[in-house]
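*Asks:* One letter stands for each residue in the lines below.
Protein chains: 2
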Amino acid sequence: MWHYETTVVWKTEKEGRLHAGGNPEICVATPPDFGGPHGNWSPEQLLISAVAGCLMTSALYYLERAGVNLRCYIGNAIGTMDKTPEGLAFTRVRVEISITVADDSHVEKARKAAARAEKSCPISKALQCLVEVHAVVRPFREE
Amino acid sequence: MWHYETTVVWKTEKEGRLHAGGNPEICVATPPDFGGPHGNWSPEQLLISAVAGCLMTSALYYLERAGVNLRCYIGNAIGTMDKTPEGLAFTRVRVEISITVADDSHVEKARKAAARAEKSCPISKALQCLVEVHAVVRPFREE
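Listed in order, the protein sequences are those of chains A and B. All letters in the first sequence, in the order written, are residues 129 to 271 by my numbering. All letters in the second sequence, in the order written, are residues 129 to 271 by my numbering.
If you're looking for bench data, these hints aren't it; they were derived computationally from the structure. Some clues are possibly wrong.
Note that the list lumps identical chains together, so a pair holds whenever it fits in one copy or between two copies.
[Unchecked claim] Derived pair list, reagent style BS3-like, types lysine-lysine, alpha-carbon separation capped at 27 angstroms:
no.	residue 1	residue 2
1	Lys211	Lys253
2	Lys253	Lys237
3	Lys253	Lys139
Using the sequences and the accompanying hints, generate a full structural model.
*Replies:* In structure tokens:
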């Protein structure tokens, strides 16, 4: 069993600060769409960051285990929130992953690692809504 | 319909950087329990930060609407992850909220605002697991 802890302290108007152990603090605020200031992380962005981050850390685990020589990993996540009969709710999270590996010999292993990461990611599984993951693996090419 | 976007870029070993618009970047990494470095935000911490942050921003909305004179708001969240038949999964998130208001006349309004926030928070509702919220409201006392 693992425990993860964080504390949020209100600072002013629609803003607070998030603390967890020795981590750099994060300014969190109501999203600008709902009257909050620009330039802060909203809880909604943190949620999809957790999904994108967990898919990455899970993929890194399987990529390393498979001996993949990784050159680049980028994950772009978009979360959609909508009005539902139960109020505002997330209806979908879509994550586009782009993985670049050293050469062709690593492509298939990287594809399998990405698929395993998608299946095992505890954050995706924690969500009620659909989490769609689309991963593309390419070999590195000198430009 | 609202969309929230974030991008994670792998940097080194088990670490990446999260970007979203003009927000300060967040270093995200595998938790130390799973071999990651200390001092970075893990996806698991970001998930519970999203819950704690959303309960705060939702409460701020209802507190403002109710005309509550707020002095202090602290939300402490603990998420529990466990091995389940479906692999690692979050089984529970518990949030302890401490709200201090200007005087006794604001206590009841603040309690109602906190209860409304708990009910409407879209991040809590996005999770499969139980989200327990325990809010305590106190009037401000000069020490």
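*Asks:* If a hint holds in the structure, say so; if it doesn't, say that too.
*Replies:* Results of checking the hints against the structure:
1. In this assembly of identical chains, Lys211 and Lys253 lie within 27 angstroms of each other by CA distance both inside one copy and across copies; the values are 22 angstroms within and 13 angstroms between.
2. Proximity of Lys253 and Lys237 under a CA criterion of 27 angstroms is satisfied intra-copy only: 23 angstroms inside one chain copy versus 36 angstroms between copies.
3. Taking identical chains as interchangeable, the C-alpha atoms of Lys253 and Lys139 lie at most 27 angstroms apart only when they sit on different chains, with a minimum of 25 angstroms there against 32 angstroms within one chain.
Violated hints for the displayed structure: none, as all numbered hints are satisfied.
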